[in-house]
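*Asks:* Spelled out from the first residue to the last, the chains are:
There are 2 protein chains.
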Amino acid sequence: MAENANLENIRHSLAHLLAAAVLKKYPKTKLGIGPTIENGFYYDFLAPDGFTPEDLKDFERDMKKMIGGRLVFSGEKLTPAKAKTVFKNQKFKLELIKEFAKEKKQLTLYKTGEIFHDLCRGGHVENTLEINPDAFKLTHIAGAYWRGSDVNPQLQRIYGVAFATKEELDTYLKMRAEAEKRDHRKLGKELQLYTMSEEVGPGLPLFYPKGAILRRILENFIIEIQEKRGYLPIWIPHITKGELYKISGHLDKYDTMFPPMKLKNEADYFLKPMNCPHFMMLYASIPHSYKELPIRYTSTTTVYRREKSGELSGLTRVRSLTQDDCHVFAMPDQIETEINLMLDMIQEVYNAFGFKDFRVGVSVHDPKEKEKYIGDPKIWKLSEETLMRVIKNRGWKHQVDVGEAAFYGPKLDFIFKDVLGREWQLSTIQLDMNLPARFKLKYIDSDGMEKQPVVIHRAILGSTERFMGILIEHFAGAFPLWLAPIQARVLAISEKHQDYAKKLFEELKGAGIRAELTESNETLGKRIREAQLQKIPYILVVGDKEKQGGTVAVRHRTHGDEGEIKSDALLQKILKEARDKII
Amino acid sequence: MAENANLENIRHSLAHLLAAAVLKKYPKTKLGIGPTIENGFYYDFLAPDGFTPEDLKDFERDMKKMIGGRLVFSGEKLTPAKAKTVFKNQKFKLELIKEFAKEKKQLTLYKTGEIFHDLCRGGHVENTLEINPDAFKLTHIAGAYWRGSDVNPQLQRIYGVAFATKEELDTYLKMRAEAEKRDHRKLGKELQLYTMSEEVGPGLPLFYPKGAILRRILENFIIEIQEKRGYLPIWIPHITKGELYKISGHLDKYDTMFPPMKLKNEADYFLKPMNCPHFMMLYASIPHSYKELPIRYTSTTTVYRREKSGELSGLTRVRSLTQDDCHVFAMPDQIETEINLMLDMIQEVYNAFGFKDFRVGVSVHDPKEKEKYIGDPKIWKLSEETLMRVIKNRGWKHQVDVGEAAFYGPKLDFIFKDVLGREWQLSTIQLDMNLPARFKLKYIDSDGMEKQPVVIHRAILGSTERFMGILIEHFAGAFPLWLAPIQARVLAISEKHQDYAKKLFEELKGAGIRAELTESNETLGKRIREAQLQKIPYILVVGDKEKQGGTVAVRHRTHGDEGEIKSDALLQKILKEARDKII
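Just so you know, the protein sequences line up as chains A and B, in that order.
Going by this note's numbering, the first sequence opens with residue 538, and the numbers climb by one from there.
Going by this note's numbering, the second sequence opens with residue 538, and the numbers climb by one from there.
Note that these hints are calculated values from the structure, not bench results.
Among the hints, erroneous ones may be present.
It does not matter which identical chain is meant; a pair holds if it fits inside one copy or across any two.
Stated by the list, open to error - Below 20 Å or equal to it, Euclidean Cα-Cα: the simulated DMTMM-like pairs (lysine to aspartate or glutamate) are:
| id | residue 1 | residue 2 |
| --- | --- | --- |
| 1 | Lys828 | Asp1036 |
| 2 | Lys799 | Asp789 |
| 3 | Lys828 | Glu1032 |
| 4 | Lys801 | Glu848 |
| 5 | Lys614 | Glu651 |
| 6 | Lys1033 | Asp1081 |
| 7 | Lys801 | Glu735 |
| 8 | Lys619 | Glu651 |
| 9 | Lys565 | Asp586 |
| 10 | Lys765 | Glu1053 |
So that you can see chain A by itself, here it is in the shape it has in the complex (with noise of 0.2 Å):
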């Protein structure tokens, strides 16, 4: 039966049916491809016209027949030159037959029924019988590049969802519909935090006003919370010469790095995916004594990473990433009080945010695999200890990897369940042994000698735009006071009120409250309407009754009517609540 069926056969199978249906209708439509994704599948399509909701609605209802026709998907192999027979009017199909050819791999011809066969490695049930009909829904349309490339035909690409039962679809889509409501993207236009522009460049948003002092809330929040446990900022630039990469072996092994900037009769110029060698030519330029040590630098740095332009999104997945990096510089016996100072950081910050389901995974070596790793033995085994022992005296929910340790250090990575239960990955604890080998990091011991210090890796929210992306959906907008880019939003109920909505503005601007006050051209119920819809926290409204008694009438945008309050005591509220990041 359907809930026994392996699901990736099911999705696999689905849209191979979505295909057959699009062709049914459309018999001109150009396929592409058609994978499983988390949830479901998608096939790309290059219909003439394009397709509408109403399309969906048929494919949807064709695929459910097709379903009941207990069709039979069956294999083959297949040479090239039948292979471009078979597809002979499918463009993009011969193009991957080209490229298969050329690379020598076995082409395979999957059939669903007579009905419909694709260019497919295959994975699909063996007898429609095996999927729920009615627990799949085609969901959308979207727009996709031809292999995820800007300079190929636009695609029209349509989603569908699939699961074992209709119970699970239905769980599914509810939770979608509440994603879909606080979905970053639409949420960051309405509230005018961010924008994307054509002419920049996908992956690369640029901040609206609000959007950057959210930013800047985040930025300057994490550096307190750093600098008063004795981390030190450090500034470094965007681009180096590729000889830095050379040095960390980033060069030959990091693939998402931007190409070089080639000048004439210079070395070549690379924009920084990372920061850890800059970093570390900061420590290497002067000598260090072991009194020095811990040595913790800081940076909130953009790094830029050539994500496929496909596989953009909002801010989750961008090119231009903000990280609130550090490097410890550290001696082996000072990685117990280092670590331990991170993770009071990092219960101090998810505190703050509210964020309370989260867990930790401990990646450690693989003691049958001892040959891929480097550094001392007995820092690898110091440092796993310490990363247990430290895990587990918090009483923090976690589960330990092994094998998944970098080849040059243990890890710790913190992920984040939010509202809708879905996981994020957050902050990550690194230990590296390696760069400080391949940059030759020294400091002088107390016995004299030189030795190597062993470096630490950390970053809290890991990016700001990815933890802002997150924030949103988090908060679906509504941010807690601390972090709201607009605390309050001063209305006087009529012009001749506007004075005292002007003085009261300005007292708050004054106290250091981010306050907006609007003009009085509009009716009041529409402005009220507008503050909500922007989710200010407090609502301020003026009339004759407060300006004689010097009051305010509070709005709340969670706590609704907060009735009458005198000016000063709203003031001294709202910076408590404030203060102490209440959420």
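With chain A fixed as given, assemble chain B onto it according to the hints.
*Replies:* Relative to chain A, chain B alone:
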């Protein structure tokens, strides 16, 4: 007599005499080029064993002898073939000859008596009689790549200074000695503010914590100055598709852009050399009403310019420039208010740094060349009259430069004279009628019509890096308290006072004072000297007496011993001095 001869000719002739003296002592030396520069000249040599300071003395003595020899300078035209014979042992000259031949340029040979000849376009004294032998000096040797490119061999560059009279030379050398003491490249290293890295590349400084803190103080100060006047922060990425610069017109014209990053199957990407186009995109991305204007967007963001590596110098000429950039989008009748707001800011900033000696250049269009300029003549008239009026109203020293306006609008430049009398261009205010047109910027006016806003560009510091270089030299590294990366250092007389010292240190830190605490394992005298070398404003010494009395012995960087003071009073004193920005 020498006093009347053209100083340029004197300097150029001295460069030839230097080359003659070098060849006399080291006949195998290969000659590079020898131009005049500000205050003197240099000549580049490839000397197999380099030069010593002793050599410079010899060369100088020999040059004086040659001057006494009343040598005649004479020029003659040369064919490439002849030139190749004359310079057959001079590989760099041969390279130049080839280039001249290729470009069909006339070659000329200049002779100095019978003792020396050089490939040279001329500009010499007629007779060495015209040179005052006591009014020049060879100053130093530096490495320089042949033709300024680091793929070419490194040469030895000998620098000389020369004037008409000995008095002028002496005055200059005195000023220069003071400038050398203040050289920000020297102090930047001694005070551990920043470093350069061979592996990262020239013109790309990396900042140590003290430098990063100074950067932040400067940048946050400007942010604060702006935001209290209604400026709003934005954030933009450091790269863009070339498309953006096609619209702005920079792609063809701007020649210090880094070369493109060529992505496979995507448009070319560029590092931004300026921020304007990104700012324009943000404004253009949403509709605007006259009610919103003026919109004042600001961002402190790094741009990258491919300055020639030979022209880079410390922080004052870099490839990574962090601009305190701002673009105001305004209606024509808002220009005056906006310019005045900018002048208020500039005045407040210069006051805070104690910059009293500055002048303003007002660049206006040339009425005789009307065809050179774009934009509405009415806005030109309004803008130029406004600029003149506001500057006059303030009574600021200024001059009007007719014809110096950009083709798209008039501007103000602020030129500051530092403590050594050197002039530095700092702030700029530039009207722009070009970018609003190119980016089709619009607002809906009160009459319901679409109109084009005026853009006003403005930077106060110019760039963080360059401004830091200027500040370091102006203050000789002894920054006013509000700027000092470390404001106070606490020294315990001996180990038994360390606890009290630590308590004081924590109090200072808690009050937001940038303090350091030293270990007491060095002698007090040594620690005081070390703190003085670091130019730390307050050295706070504590021993028995201070511990018992809850006091501190204060030693001020410039005022010297200030006696004992209660620790509370000290905190208040330091905080007030920083808040008031006492210079």
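*Asks:* Does each hint fit the structure? Answer for all of them.
*Replies:* Tested hints:
| no. | hint | in the structure |
| --- | --- | --- |
| 1 | Lys828 with Asp1036 | between (60 Å within a copy, 18 Å between copies) |
| 2 | Lys799 with Asp789 | both (17 Å within a copy, 18 Å between copies) |
| 3 | Lys828 with Glu1032 | between (66 Å within a copy, 16 Å between copies) |
| 4 | Lys801 with Glu848 | between (34 Å within a copy, 16 Å between copies) |
| 5 | Lys614 with Glu651 | within (17 Å within a copy, 89 Å between copies) |
| 6 | Lys1033 with Asp1081 | within (9 Å within a copy, 66 Å between copies) |
| 7 | Lys801 with Glu735 | between (30 Å within a copy, 18 Å between copies) |
| 8 | Lys619 with Glu651 | within (18 Å within a copy, 87 Å between copies) |
| 9 | Lys565 with Asp586 | within (10 Å within a copy, 78 Å between copies) |
| 10 | Lys765 with Glu1053 | between (32 Å within a copy, 13 Å between copies) |
Violation of the numbered hints given earlier is absent; every hint is satisfied by the structure.
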